[in-house]
Amino acid sequence: MVLVSKMSTRNIARFWEWGKKIICVGRNYKDHAIELKNAIPSEPVLFLKPPSAYVREGSPILLPFYTSSLHHEVELGVLIGQGGTAIPQSSAMDHVAGYVLCLDMTARDVQDECKSKGLPWTLAKAFNTSCPISDFIPKEKIPDPGNINLWLKVNNIVKQNGSTSQMIFSIPYLINYISQIISLEEGDLILTGTPKGVSSVQEQDELQAGIDGIVTMTFKVDRKRKLI
Amino acid sequence: MSARNIARFWEWGRKIICVGRNYADHAIELKNAIPSEPVLFLKPPSAYVTEGSPILLPFYTSSLHHEVELGVLIGKGGTDIPQSSAMEHVAGYVLCLDMTARDIQDQCKSKGLPWTLAKAFNTSCPISDFIPKEKISDPGNINLWLKVNDTLKQNGSTSQMIFSIPYLINYISQIISLEEGDLILTVTPKGVSSVQEQDVLQAGIDGIVTMTFKVDRKS
Chain A
1 MVLVSKMSTR NIARFWEWGK KIICVGRNYK DHAIELKNAI PSEPVLFLKP
51 PSAYVREGSP ILLPFYTSSL HHEVELGVLI GQGGTAIPQS SAMDHVAGYV
101 LCLDMTARDV QDECKSKGLP WTLAKAFNTS CPISDFIPKE KIPDPGNINL
151 WLKVNNIVKQ NGSTSQMIFS IPYLINYISQ IISLEEGDLI LTGTPKGVSS
201 VQEQDELQAG IDGIVTMTFK VDRKRKLI
Chain B
1 MSARNIARFW EWGRKIICVG RNYADHAIEL KNAIPSEPVL FLKPPSAYVT
51 EGSPILLPFY TSSLHHEVEL GVLIGKGGTD IPQSSAMEHV AGYVLCLDMT
101 ARDIQDQCKS KGLPWTLAKA FNTSCPISDF IPKEKISDPG NINLWLKVND
151 TLKQNGSTSQ MIFSIPYLIN YISQIISLEE GDLILTVTPK GVSSVQEQDV
201 LQAGIDGIVT MTFKVDRKS
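Order-wise, the sequence lines are chains A and B.
In this text, residue positions in the first sequence follow the working numbering: the first is 1, and each later residue adds one.
In this text, residue positions in the second sequence follow the working numbering: the first is 1, and each later residue adds one.
No lab work stands behind these hints, which were simulated from the structure alone.
Among the hints, erroneous ones may be present.
[To be verified] Straight-line C-alpha distance at most 30 Å; calculated DSBU-like pairs for lysine-lysine:
1) B:K109 <-> A:K20
2) A:K224 <-> B:K76
3) A:K20 <-> B:K214
4) A:K117 <-> B:K153
5) A:K196 <-> B:K111
6) A:K37 <-> B:K111
7) A:K115 <-> B:K214
8) A:K20 <-> B:K111
9) A:K37 <-> B:K31
10) B:K109 <-> A:K30
11) A:K20 <-> B:K218
12) B:K111 <-> A:K117
Using the sequences provided together with the hints, build the complete structure.
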């Protein structure tokens with residue numbers, strides 16, 4: 001398969017319009033693994049969201065019809081500017097175009113069921129609006145992504161507040177690990193994990209998340225309206 | 001529908017949605033429960049491999065399995081697509097192999113982990129040329145076959161599908177909106193087995209398409 005690079009014509013700041021994949025890393029913060037009673041992994045846990053999961057400010061997060069337990073997970077997203085396979089850790093950051101603040105919305109009850117039945121996590125993680133995103137943050141705005149604070153409030157109450165310094169696997173490690181198995185392409189987004197403090201949200205809740213001095217974003221939770 | 005060339009869907013398509021356990025005999029051979037709803041998992045578009053390039057054994061598996069499948073290519077997207085109009089959203093078909101690291105999949109199942117390393121690796125989705133819709137008038141009644149080194153391994157009819165194509169398009173699009181260029185892998189018959197380096201896989205739908213792939217180790 002030959003991929004023709006369209007780097008010169010694609011607008012990286014509108015990555016959600018054309019990006020082809022979202023790769024998520026689970027259990028990358030020790031305190032989050034502990035709160036979910038998960039084993040601390042020896043290798044990153046990877047799962048996918050499709051690009052249809054993207055939702056931007058101004059549109060709501062929609063509760064999937066099959067869950068009673070929709071959870072928020074605030075994450076630092078790393079946007080790939082230059083693709084590759086088996087990218088060495090030493091040059092991994094050269095492949096990064098910038099960052100995106102993301103929420104890895106998760107149907108927690110369904111995820112628990114999938115885990116106990118050995119099923120894929122698709123219904124728990126990959127539904128429409130399961131990936132709320134901020135505007136694109138150019139790389140130079142965050143010189144040290146391994147040392148920033150992510151926070152999230154639900155209805156003005158702080159729920160999550162953690163530093164990326166808690167990540168078990170670093171961004172260069174993740175880029176190298178993932179690209180050995182799944183080749184990376186310009187426009188791909190990697191969600192790098194969430195700190196502790198996840199909780200469930202209800203219809204009409206307002207989620208606010210941010211990286212101080214860099215970005216803030218707000219989303220409302222809604223139920224899907226049936227078209228009559 | 002758009003300026004995009006549907007016949008080269010693998011160059012620009014954004015998602016591959018796979019349906020597991022949609023064939024009664026295959027569920028039984030893997031000792032899986034027959035599901036009440038479709039089991040869905042994703043492959044990224046980076047998984048596509050077309051004839052002329054090899055299927056590459058992932059470094060972490062000792063048990064790479066073939067699964068020949070009928071792929072349904074979406075020509076018109078939608079959300080909550082009704083079953084009654086689902087086939088209008090289909091542009092055509094693709095013969096696919098859902099390459100699977102079976103040992104890893106078993107491990108993921110017992111540990112409650114996602115199936116990503118078992119199903120989503122590079123070259124885990126070998127595909128044929130695009131088959132226009134009119135070439136297969138009854139997709140619920142065709143035969144899929146696969147040979148390894150000339151020995152027939154899989155040979156089954158899509159009439160054994162538990163969930164029909166319109167059902168799948170409706171079910172999936174309620175949860176994950178479909179877009180032009182999306183591919184849905186719908187069903188594999190029984191007879192899955194493991195392949196080794198240098199094996200030659202041949203698969204086909206009689207009278208419609210054949211495809212050949214070699215298994216190799218990444219150099």
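Checked hints:
no., hint, result
1, B:K109 <-> A:K20, "holds (27 Å)"
2, A:K224 <-> B:K76, "holds (22 Å)"
3, A:K20 <-> B:K214, "holds (27 Å)"
4, A:K117 <-> B:K153, "holds (29 Å)"
5, A:K196 <-> B:K111, "holds (22 Å)"
6, A:K37 <-> B:K111, "holds (13 Å)"
7, A:K115 <-> B:K214, "violated (34 Å)"
8, A:K20 <-> B:K111, "holds (28 Å)"
9, A:K37 <-> B:K31, "holds (29 Å)"
10, B:K109 <-> A:K30, "holds (23 Å)"
11, A:K20 <-> B:K218, "holds (24 Å)"
12, B:K111 <-> A:K117, "holds (10 Å)"
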